[in-house]
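Using the sequences provided together with the hints, build the complete structure.
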Amino acid sequence: MYKALKDEKIIAISDTDSEFKFMVKDSVVEDTDHTAEDYEQVNGEYILKADVPVDYQNEQIRQQRQARYVAESDPLRLDYDEALAREQDNSEQLKQEWLASKDKIREELPYVEG
Amino acid sequence: MTDTHIKINNVTPRVQYTGNGSTTSFPYSFAIFDESDMVVYVGDEVIESGYTVTGAGQTEGGNVVFDTAPEDGAIITLLRNVPIERVTDFQEGGTFRPKNINDELDRLTAFTQQVQEGLDRAVKVDPTSSTNPEDVIPKVEALYDDIANLDAVADDLTNIDTVASNISDVGTCATNMEDIQAAPGAATTASNAAIAAAASASSAAISAAGTHFKLFHHDWFDYELDDMAWLRADTFSWQDGTVYTEAYNHLVDDVTNGTSQTETISGHTITYTLADDGHKIVSDANASEVEGLYNDAGVAWYYILDLVNHKFKLPRTKYGFTGLRDYVGKYVPESLPNIKGSINPWMYTGTADRPTGAFYEEASNVETYNAGAQSNGMKVGFSANLSSSVYQDNAPVQQRATQMYLYFYVGQFTQSATEQTAGLNSELFNGKVDLNAANLSTEGKSLISGLGMPSTRYEDLTLGASGSTYTATANGWAYLAMGGGTNPSAEISSDTIATRYLSASSDTRTFHIYLPIAKGQTFKISYSNVGNLSAFRFIYAQGEPNV
Numbered sequence: 001m002y003k004a005l006k007d008e009k010i011i012a013i014s015d016t017d018s019e020f021k022f023m024v025k026d027s028v029v030e031d032t033d034h035t036a037e038d039y040e041q042v043n044g045e046y047i048l049k050a051d052v053p054v055d056y057q058n059e060q061i062r063q064q065r066q067a068r069y070v071a072e073s074d075p076l077r078l079d080y081d082e083a084l085a086r087e088q089d090n091s092e093q094l095k096q097e098w099l100a101s102k103d104k105i106r107e108e109l110p111y112v113e114g
Numbered sequence: 115m116t117d118t119h120i121k122i123n124n125v126t127p128r129v130q131y132t133g134n135g136s137t138t139s140f141p142y143s144f145a146i147f148d149e150s151d152m153v154v155y156v157g158d159e160v161i162e163s164g165y166t167v168t169g170a171g172q173t174e175g176g177n178v179v180f181d182t183a184p185e186d187g188a189i190i191t192l193l194r195n196v197p198i199e200r201v202t203d204f205q206e207g208g209t210f211r212p213k214n215i216n217d218e219l220d221r222l223t224a225f226t227q228q229v230q231e232g233l234d235r236a237v238k239v240d241p242t243s244s245t246n247p248e249d250v251i252p253k254v255e256a257l258y259d260d261i262a263n264l265d266a267v268a269d270d271l272t273n274i275d276t277v278a279s280n281i282s283d284v285g286t287c288a289t290n291m292e293d294i295q296a297a298p299g300a301a302t303t304a305s306n307a308a309i310a311a312a313a314s315a316s317s318a319a320i321s322a323a324g325t326h327f328k329l330f331h332h333d334w335f336d337y338e339l340d341d342m343a344w345l346r347a348d349t350f351s352w353q354d355g356t357v358y359t360e361a362y363n364h365l366v367d368d369v370t371n372g373t374s375q376t377e378t379i380s381g382h383t384i385t386y387t388l389a390d391d392g393h394k395i396v397s398d399a400n401a402s403e404v405e406g407l408y409n410d411a412g413v414a415w416y417y418i419l420d421l422v423n424h425k426f427k428l429p430r431t432k433y434g435f436t437g438l439r440d441y442v443g444k445y446v447p448e449s450l451p452n453i454k455g456s457i458n459p460w461m462y463t464g465t466a467d468r469p470t471g472a473f474y475e476e477a478s479n480v481e482t483y484n485a486g487a488q489s490n491g492m493k494v495g496f497s498a499n500l501s502s503s504v505y506q507d508n509a510p511v512q513q514r515a516t517q518m519y520l521y522f523y524v525g526q527f528t529q530s531a532t533e534q535t536a537g538l539n540s541e542l543f544n545g546k547v548d549l550n551a552a553n554l555s556t557e558g559k560s561l562i563s564g565l566g567m568p569s570t571r572y573e574d575l576t577l578g579a580s581g582s583t584y585t586a587t588a589n590g591w592a593y594l595a596m597g598g599g600t601n602p603s604a605e606i607s608s609d610t611i612a613t614r615y616l617s618a619s620s621d622t623r624t625f626h627i628y629l630p631i632a633k634g635q636t637f638k639i640s641y642s643n644v645g646n647l648s649a650f651r652f653i654y655a656q657g658e659p660n661v
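First to last, the sequence lines map onto chains Y and P.
Okay, so the first sequence: first residue is 1 according to my numbering, each after it adds one.
Okay, so the second sequence: first residue is 115 according to my numbering, each after it adds one.
Treat the hints with care, since some could be wrong.
Unchecked claim - Partial list, derived from the structure: chain P residues whose beta carbon lies under 7 Å from chain Y:
1) T583
2) Y584
3) T585
4) T600
Think of the hints as simulated: they come from the structure by calculation, not from any bench.
The structure displayed is predicted, hence computed values, not measured ones.
Beta carbons are placed, not taken as given, at the ideal position from N, Cα and C, and that holds for glycine.
Have a look at this one:
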């Protein structure tokens, strides 16, 4: 693979492109020990996935959880709130579905142990 | 005592030698009676002294011995020249001696040989010739008078031989002598016709371009000249001094003989050389001040001269004028013709007092009153068209304008063979091409207007980390297509042009961002929460080559 470097940071990676045309860079170096899959973009640079800081990983997880809460759990919360306001019999059921949805998201996106 | 005598043999009494610079003795084999009978020539001159003659009185002759050897190559001629006279007088009853008779006969024989030798060197006519020998000499003398031409003929004998070998052609020439003699006249006539034609063409060009041909005379023309002696000035192009030699050399002379001056106009201080003829010449190093003056004041009446690169620019001005033409295309001054005419308040139908100019009789037999009496008068109409054809019926009087071009007469010009072949068209168009895009064809305008638009050619690029920057190596468009993720957003920004930003709350959309980027400019791409990249490419502008 090839890495484009600028200010001693890896700003681009590619398994095939050794030129990185148009890109403002200091140099291009070849890395025969890794592939592009081994790298992850963190704060405007690429670093090996194994070297990604725990805090960064967990922040990413938090953001992902947040997005899924909005997409999946929040509608169930709104259903529960409406049933509660209308004093429907199934309000408790809806509450449990909402809480189960949040637990499911947490299980699927666990935080990394530091 | 034996009476011996010399015997005159049948020998020519003349002998010649060529000296070698060392031989002094030259023999002769004819008999002479006395040393004085020998005449000695060296070259054409008779030598009277400096030699001795031996063998006088000997039948077999003798030698002429020079004191100093004649020069190498000198012609020595020994000639017997016995005085023709009797040296004896035999008396009646005197003693008869055979020797005396023999001697006298010898002398007579010598005389005869001497005369024969002279005859042999004389001009003679053939025994069968009818020419009187006396007539020959005047002709010879005439030829001698023309000896220079004869020598010339002799020197040109080779050519004469050539003529002789082509004598049949010479004969043909003689046969056609009348035509040949007429040829120079015909050639002159043709030449005169050609000169007249050239003069006519020149006159036509002069008539077309104006009547003034003083160097750097300038004038406005309502059409573009294709005469290279006239340069269009309002384009402010550099003119090649090796082509427009007369103008360039004149400006060089102006600079050489002029005086340095400085003047400030409209805040621009111009340093120039003032020539005797009033020309103001600025060096190319100060051309920017002239440019600034032109931009601010509209007039920059200076010549700009580049002595290093042998080129020059002509003065220019923004203030041309728009000429006018009448409806038949003739140039007219920038004003409308006068409208005039006359009517008589008491004009009657049928009288001689008619309306003139722009007034006309519109109707006749119209009731009118003169001093209370009814009579038939006329109805007077008015039409400006009757006064001048510029005022056409029912047509606006605004006249059509025409573009005027400022030209300078720059005199003689030269072109090298290379310029005449490879660069001729370029030189012809230099400074004379109307670059006004409004004159382009519809296709041309469309082509130009589309040059800034995206083409179908593009370059796929590797997208770097968010915030990475890129430099365009051509004019074109940065294009980004991304989607997926949660609340993705992306932005292409350029300090010099603009920013394009898009974000989406859905994780299913793919959004596309374009931003035009000029060649050499840098742009930045930032993005976040993007699930996948569909495309990141640079799309070349139309007319832009791939880089």
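Consistency of the hints with the structure:
1. T583: Result: holds, 4 Å to nearest chain Y Cβ.
2. Y584: Since chain Y brings a Cβ to about 4 Å from P:Y584, closer than 7 Å, the hint holds.
3. T585: holds, 6 Å
4. T600: Constraint on P:T600 satisfied, holds at 4 Å.
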